[in-house]
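Engineer: Okay, here's what each chain looks like letter by letter:
Number of protein chains: 2
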Amino acid sequence: MAVVPESRVLTFGVFKWSSYSSTYLPENILVDKPNDQSSRWSSESNYPPQFLILKLERPAIVQSITFGKYEKTHVCNLKKFKVFGGMSEENMTELLSSGLKNDYNKETFTLKHKIDEQMFPCRFVKIVPLMSWGPSFNFSIWYIELHGIEDPDVVQPCLNWYSKYREQEAIRLCLKHFRQHNYTEAFESLQKKTRIALEHPMLTHLHDRLVLQGDFDACEELIDKAVGDGLFNQYISQQEYKPRWSQIIPKCNKGTQEINRDDMTSDGDDNRPGMRGGHQMVIDVQTETVYLFGGWDGTQDLADFWAYSVQENQWVCISRDTEKESGPSARSCHKMCIDSQRRQIYTLGRYLDSSVRNSKSLKSDFYRYDIDANTWTLLSEDTSADGGPKLVFDHQMCMDSEKHMIYTFGGRILTCNGSVEDSRTSEPQFSGLYAYHCQAATWSLLREDSCNAGPEDVQSRIGHCMLFHTRNRCLYVFGGQRSKTYLNDFFSYDVDGDHVEIISDGTKKDSGMVPMTGFTQRATIDPELNEIHVLSGLSKDKDKREENVRNSFWIYDIARNNWSCVYKNDQAVKENPSKALQEEEPCPRFAHQLVYDEMHKVHYLFGGNPGKSCSPKMRLDDFWSLKLCRPSKEYLLRHCRYLIRKYRFEEKAQSEPLNALKYLQNDLSLTVDHTDPVETKEFQLLPSALFKSSSDFIPLGFSDVDQTYAQRTQLFDTLVNFFPDSMTPPKGNLVDLITL
Amino acid sequence: MAVVPESRVLTFGVFKWSSYSSTYLPENILVDKPNDQSSRWSSESNYPPQFLILKLERPAIVQSITFGKYEKTHVCNLKKFKVFGGMSEENMTELLSSGLKNDYNKETFTLKHKIDEQMFPCRFVKIVPLMSWGPSFNFSIWYIELHGIEDPDVVQPCLNWYSKYREQEAIRLCLKHFRQHNYTEAFESLQKKTRIALEHPMLTHLHDRLVLQGDFDACEELIDKAVGDGLFNQYISQQEYKPRWSQIIPKCNKGTQEINRDDMTSDGDDNRPGMRGGHQMVIDVQTETVYLFGGWDGTQDLADFWAYSVQENQWVCISRDTEKESGPSARSCHKMCIDSQRRQIYTLGRYLDSSVRNSKSLKSDFYRYDIDANTWTLLSEDTSADGGPKLVFDHQMCMDSEKHMIYTFGGRILTCNGSVEDSRTSEPQFSGLYAYHCQAATWSLLREDSCNAGPEDVQSRIGHCMLFHTRNRCLYVFGGQRSKTYLNDFFSYDVDGDHVEIISDGTKKDSGMVPMTGFTQRATIDPELNEIHVLSGLSKDKDKREENVRNSFWIYDIARNNWSCVYKNDQAVKENPSKALQEEEPCPRFAHQLVYDEMHKVHYLFGGNPGKSCSPKMRLDDFWSLKLCRPSKEYLLRHCRYLIRKYRFEEKAQSEPLNALKYLQNDLSLTVDHTDPVETKEFQLLPSALFKSSSDFIPLGFSDVDQTYAQRTQLFDTLVNFFPDSMTPPKGNLVDLITL
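Heads up: the sequence lines are chains W and C, in that order.
All the letters of the first sequence, read from the start, carry residue numbers 1 to 740 under UniProt numbering.
All the letters of the second sequence, read from the start, carry residue numbers 1 to 740 under UniProt numbering.
One or more of the hints may lead you astray.
No distinction is drawn between identical chains; accordingly, a pair holds when it is met within one copy or between any pair of copies.
Said to hold, decoys possible - Only pairs whose alpha carbons sit at most 20 Å apart, straight line, appear in this in silico EDC-like list of lysine to aspartate or glutamate:
| id | residue 1 | residue 2 |
| --- | --- | --- |
| 1 | Lys-324 | Glu-44 |
| 2 | Lys-731 | Glu-90 |
| 3 | Lys-79 | Glu-44 |
| 4 | Lys-80 | Glu-44 |
| 5 | Lys-360 | Asp-489 |
| 6 | Lys-55 | Glu-89 |
| 7 | Lys-126 | Glu-145 |
| 8 | Lys-403 | Glu-381 |
| 9 | Lys-193 | Glu-456 |
| 10 | Lys-484 | Asp-449 |
| 11 | Lys-627 | Glu-240 |
| 12 | Lys-324 | Asp-496 |
| 13 | Lys-16 | Glu-44 |
| 14 | Lys-601 | Glu-240 |
| 15 | Lys-731 | Glu-89 |
| 16 | Lys-126 | Glu-240 |
| 17 | Lys-403 | Asp-498 |
| 18 | Lys-55 | Asp-667 |
| 19 | Lys-193 | Asp-704 |
| 20 | Lys-82 | Glu-427 |
| 21 | Lys-33 | Glu-145 |
No lab work stands behind these hints: they were computed from the structure.
Could you put together the complete structure from these sequences and hints?
Structural biologist: Next comes the structure, spelled out in structure tokens:
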């Protein structure tokens with residue numbers, strides 16, 4: 001395995017600049033004098049475009065860039081900038097998009113310097129300031145260092161690869177263009193001379209069968225085999241998830257008949273849990289059982305304990321009143337976690353109204369339930385006395401089955417209502433990060449609540465999300481609030497290394513790109529797919545509730561460190577009101593529960609508070625499952641067949657309309673899902689092709705090409721999209737590179 | 001001639017948007033409700049990128065865009081934006097870069113919709129806000145209308161042209177690439193099939209002779225003929241002017257010997273005018289005679305009158321004291337203009353020290369000098385009494401020979417020093433725009449000094465530039481100051497139509513792109529080339545003088561309405577200190593005179609105040625000519641021969657070094673200007689080619705091509721640059737379109 005050379009300081013000069021003001025020359029970035037306020041480049045204004053172009057002494061792999069700063073914060077520091085690089089000024093790629101903290105510390109950023117695993121060289125680096133910390137101030141850069149590899153033994157092969165890559169891609173675009181336009185001789189000469197492949201041989205074969213031969217049966221066979229060989233898997237993995245909510249109507253205990261939905265009373269009958277918010281659910285993935293305990297029904301705390309079997313589609317009431325069975329008293333805003341391995345459930349914390357808070361009741365009791373033995377054990381009368389957390393609510397708790405540990409973080413500490421003079425307790429206190437060693441039954445305080453900004457400090461909070469990743473053994477914490485302040489930081493805690501890692505400090509305004517804070521978030525984790533799922537609902541804060549807020553569902557890709565939105569219903573409603581209603585989903589709410597079965601990839605949601613100002617005591621008792629769906633292989637195969645046959649039909653329609661009609665009604669109809677309204681509607685419009693003239697649609701730019709050839713080429717281009725990029729012709733088109 | 005169809009309102013929808021905030025939806029731009037503050041699109045922030053993409057109902061020629069506004073000014077209005085358009089989202093061209101006024105009036109802008117004279121179609125229009133009036137506010141757009149042509153009879157041919165154009169340019173890039181890489185078969189197949197020409201046949205012939213045949217003599221002949229046929233003229237016209245200052249050492253009156261520069265005394269001898277500032281010069285282009293009158297020598301006003309003959313290189317003193325010859329008394333800061341047709345010179349205005357100002361002396365006398373008769377005539381004792389301007393200084397005056405009119409504008413009105421209680425006169429007054437009808441000897445007041453912002457209002461000032469364009473018959477006025485305020489507006493006045501046109505109101509900060517205000521500007525006009533030339537020197541204001549200010553020279557292209565900088569010496573000094581010293585130029589100064597011979601394209605400069613704080617009375621008496629030079633045809637021909645022979649030498653050096661050396665010393669040496677240090681130095685380095693290996697430099701991306709072929713191709717590409725774009729292969733390269 002080749003030794004990767006060290007990154008060294010690269011030599012460069014300032015090549016071009018957009019402007020500069022006064023004596024703040026571009027060249028000043030070459031010296032690092034943090035105490036000299038004039039030792040910087042300053043643009044003449046902040047009107048775009050502003051930039052500096054640096055020229056490296058020799059081509060190099062540019063791996064990182066370091067920005068020096070002034071000794072104090074400065075309004076001209078770059079809050080947002082981009083860095084580009086390339087072998088020529090005109091042809092540069094974006095290497096970095098980021099921003100500096102407004103402080104006095106140097107900051108180093110990795111620059112993109114590879115395509116897949118291939119390093120590419122740069123001769124020019126362009127820094128483009130976009131935003132300064134002081135909104136109307138000029139942009140300043142104090143000092144720049146570039147690091148990378150200059151060693152010709154490393155760089156020359158990269159330069160060679162770069163030339164070869166560009167030549168290859170240019171020729172492939174030519175080949176694609178020539179073939180589309182049927183410049184056969186030119187195509188063959190070029191291919192023979194350069195020996196560059198336009199695409200995988202399988203696709204050349206597809207092109208031959210489809211476009212040149214019109215052998216549609218052979219096409220279908222080829223697609224069939226491709227799907228079977230898993231070639232469409234990359235395409236599937238790139239598709240967006242579609243959420244499918246399904247309301248669960250469980251069987252009643254009495255017999256196997258399903259309950260009529262109209263029969264469901266709001267009293268919470270024997271068959272299933274009644275309406276509530278602030279309850280807790282956990283799921284035992286091994287047995288597909290959802291456990292639900294406690295909550296608040298609008299009037300009082302609850303102490304009933306239920307189990308739902310997914311297989312049986314049935315709730316069973318384990319206990320009407322756990323207190324009577326040596327278990328916890330009625331409570332809400334507690335937290336539960338499950339040890340599936342040992343088949344035990346833990347519960348900690350609860351909310352107490354100020355009227356009932358007295359020093360006696362402020363004990364943080366801690367219970368464990370053994371599923372198989374059906375018994376409760378009081379692990380501690382007061383965890384605080386045991387070195388653990390005080391009585392808290394709206395905290396988070398996670399189970400680490402492997403090491404038999406429990407982690408709890410945050411929550412608001414409940415305090416006694418002392419006398420009026422006791423003002424010390426008016427400031428809310430938040431609980432830190434604790435670990436419970438199940439075997440030893442002891443607590444450790446891992447992190448106190450801290451508002452310091454040190455690298456290992458954590459700020460406690462309520463209403464946040466905390467998840468344990470069983471494979472990388474990290475806790476993931478994000479969101480929540482402290483009093484009126486909504487937090488949107490995101491950090492992980494390595495439980496074995498006792499180390500905090502900031503994923504996002506929440507200062508960068510990524511609006512629209514991450515789930516919005518301030519809306520109740522319920523999160524779950526899939527350690528196998530390495531994803532965190534977040535369902536955002538209704539804000540608890542009455543002032544923040546908008547009439548038409550709807551749920552939004554986000555997925556955080558842990559490996560790629562990026563959020564994507566599965567759906568964001570406020571926009572869907574605005575775009576297409578009917579679309580939102582087509583698919584049922586639970587109404588937005590807070591104080592509900594969401595659990596995830598990572599084995600079967602299903603979420604379950606129960607109850608909560610719908611926040612109806614006219615009915616403040618109303619709680620929900622609905623029960624839903626959520627599946628995130630992508631197109632299946634079978635669906636794609638059917639879809640491709642449909643496309644091929646639809647085109648075949650359209651070709652037939654030109655020359656033999658009667659046969660075309662028969663073909664439509666038989667072969668083509670077979671590929672349509674007649675239960676799907678969208679597909680059915682499209683199918684019903686197809687016969688109009690029988691009445692169209694043959695030249696109704698010639699794609700722009702193809703007027704010189706035989707129409708059948710052009711249309712078969714279009715079908716080919718469509719089918720090709722399902723194949724992995726490594727197999728297909730380039731996606732771009734030669735003519736699209738021509739700008740006016 | 002085809003009738004150009006009317007521009008109509010185009011139908012479009014909002015297709016995509018970067019973001020929006022609250023209820024300020026993108027669709028709101030479709031309705032015009034200026035009194036509804038919520039009827040607008042507002043971005044979610046002003047972080048780039050922000051945009052709206054509009055999709056037209058059908059492809060159209062988009063000729064203009066109209067922005068509606070709110071009924072009041074608004075911080076979210078767009079101070080700066082760009083508009084792009086194209087047939088697809090990915091492939092758009094910039095159509096407009098501008099900004100809105102922050103008011104409540106609709107504004108309409110023409111959009112680029114033609115390439116040369118060919119209209120091109122758009123389907124998508126993208127609006128990109130760059131800057132709002134309130135620096136940290138979101139961007140808002142209230143209402144958008146697009147106007148253009150939708151009629152398919154007009155649009156379809158444009159679409160066809162567009163497809164064809166893109167296809168053609170794409171194929172030309174392929175042909176260029178294939179030829180460079182010697183993919184001969186592919187090149188020929190493609191050319192035969194598409195019948196698209198890579199270049200003008202002359203250049204194909206040049207390529208054949210040079211690259212394929214290595215027939216360098218034939219190349220030189222071809223270039224020779226091309227230059228002779230004027231084919232390099234377009235290239236020449238695109239070159240920047242290089243300024244060539246030359247100090248004029250006139251002959252003395254006594255005999256034909258040139259004066260030794262060291263002999264020149266500072267007393268102002270009989271031979272030439274003495275040192276002065278605030279004098280006046282005019283030039284009689286017909287006879288190439290420069291006339292100089294009056295000024296201030298540091299101690300007193302002057303009344304001597306001189307004529308310089310360019311042909312004779314000699315000054316003649318017409319009069320030692322014009323007052324003695326019925327002409328004007330000694331004066332400075334007067335203004336003169338010449339009627340070359342009638343051979344008469346006029347002078348108006350002067351500066352009077354406050355100590356000598358009394359009501360008697362505040363008469364504005366007006367004199368005319370007849371060149372052939374050598375006589376002065378007092379036209380008026382006091383122009384103010386005749387309905388003309390009061391006594392002014394630092395005004396401007398222009399001659400309109402054709403209509404026999406004189407125009408004078410601005411200047412500060414000299415007032416009596418009244419008693420201390422007379423505070424009315426403390427506010428400086430500036431003189432308006434007057435016309436003098438020479439035949440009738442009457443004055444008209446065209447525009448009073450006005451600080452209103454109406455379309456026909458003009459603000460008077462001092463130290464400004466005013467020029468008369470004899471062909472379009474407009475006065476051009478710019479710059480100047482009122483008290484402490486420097487003005488940088490620029491307007492024209494149509495003398496026949498009595499109409500003011502604002503060219504630039506000076507509010508847009510085009511820093512660096514126009515001559516800076518506050519520095520003494522001397523301007524001249526070339527009606528044939530349609531250019532205004534501005535020489536900026538030293539500021540009169542001591543506080544503004546920088547140690548190392550140097551002259552800068554700008555050209556304003558009247559037709560294209562744009563300024564270009566010929567040189568800006570502060571930057572040249574910073575970049576290359578030795579460069580500035582290589583070429584002599586007059587030291588920066590103020591109160592000097594600059595005149596222009598538009599027939600021979602020469603400027604003349606005399607004297608002025610160098611602003612030496614240690615010698616405040618020092619004035620200059622140096623005399624310079626300035627020519628703005630572009631490469632000549634002869635120079636380019638020699639240069640091309642040099643390039644061809646240099647390459648030929650390098651080719652020979654590989655195989656027959658002795659012959660190569662002989663060739664260098666003879667044929668190649670012939671093409672070098674051995675008096676030019678730069679050319680000589682390069683020539684002296686050439687022999688090193690005799691010692692280089694053959695593969696010392698292979699251009700990136702051409703490692704697969706025979707080296708001789710590649711290097712001859714490079715020479716071909718270099719020579720091709722001198723030909724007009726309409727004849728050459730495309731400038732771009734296929735591989736440069738590939739981005740990583």
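Engineer: Are the hints correct? Go through all of them and say.
Structural biologist: Here is what the structure says about each hint:
Taking CA atoms no more than 20 Å apart as the test, Lys-324 paired with Glu-44 passes in neither setting, with 77 Å inside one copy and 55 Å between copies. For the identical chains of this complex, Lys-731 and Glu-90 are inter-copy neighbours only, at 13 Å across copies versus 22 Å inside a copy, given an alpha-carbon limit of 20 Å. With identical chains, the CA atoms of Lys-79 and Glu-44 are at most 20 Å apart both within one copy (17 Å) and between copies (17 Å). Within a single copy, Lys-80 and Glu-44 get their C-alpha atoms as close as 17 Å, and across copies as close as 16 Å, so both meet the 20 Å cut-off.
Taking CA atoms no more than 20 Å apart as the test, Lys-360 paired with Asp-489 passes in neither setting, with 36 Å inside one copy and 82 Å between copies. In the homo-oligomer, the alpha carbons of Lys-55 and Glu-89 lie at most 20 Å apart inside one protomer (9 Å), although the nearest pairing across protomers, at 33 Å, exceeds that limit. Taking the shortest alpha-carbon separations for Lys-126 and Glu-145, only the intra-copy value of 13 Å comes in at or below 20 Å, while the best inter-copy value is 37 Å. Taking CA atoms no more than 20 Å apart as the test, Lys-403 paired with Glu-381 passes in neither setting, with 24 Å inside one copy and 110 Å between copies.
For the identical chains of this complex, Lys-193 and Glu-456 are neighbours neither inside a copy (61 Å) nor across copies (69 Å), given an alpha-carbon limit of 20 Å. Proximity of Lys-484 and Asp-449 under a CA criterion of 20 Å is satisfied intra-copy only: 17 Å inside one chain copy versus 60 Å between copies. In this homomeric assembly, Lys-627 and Glu-240 come within 20 Å of each other (Cα to Cα) only inside a single copy, at 13 Å, whereas the closest approach across copies is 67 Å. Taking the shortest Cα distances, Lys-324 and Asp-496 never come within 20 Å of each other, neither inside one copy (39 Å) nor across copies (106 Å).
For the homomeric pair Lys-16 and Glu-44, the shortest alpha-carbon distance inside one copy (14 Å) is at most 20 Å, but the shortest distance between copies (33 Å) is not. With identical chains, the CA atoms of Lys-601 and Glu-240 are at most 20 Å apart within one copy only, with a shortest distance of 15 Å there and 69 Å across copies. In this assembly of identical chains, Lys-731 and Glu-89 lie within 20 Å of each other by CA distance solely across copies; the values are 15 Å between and 25 Å within a copy. In this assembly of identical chains, the alpha carbons of Lys-126 and Glu-240 never lie at most 20 Å apart, being 34 Å within a copy and 27 Å across copies at closest.
Only within a single protomer do Lys-403 and Asp-498 lie at most 20 Å apart by alpha-carbon distance; the minimum there is 14 Å, versus 93 Å between protomers. Taking identical chains as interchangeable, the C-alpha atoms of Lys-55 and Asp-667 are never at most 20 Å apart, the minima being 63 Å within one chain and 38 Å between chains. For the homomeric pair Lys-193 and Asp-704, the shortest alpha-carbon distance between copies (11 Å) is at most 20 Å, but the shortest distance inside one copy (26 Å) is not. Taking the shortest Cα distances, Lys-82 and Glu-427 never come within 20 Å of each other, neither inside one copy (43 Å) nor across copies (51 Å).
Taking identical chains as interchangeable, the C-alpha atoms of Lys-33 and Glu-145 lie at most 20 Å apart only when both belong to the same chain, with a minimum of 13 Å there against 52 Å between chains.
Hints 1, 5, 8, 9, 12, 16, 18, 20, counting from the list given before, are not met by this structure.
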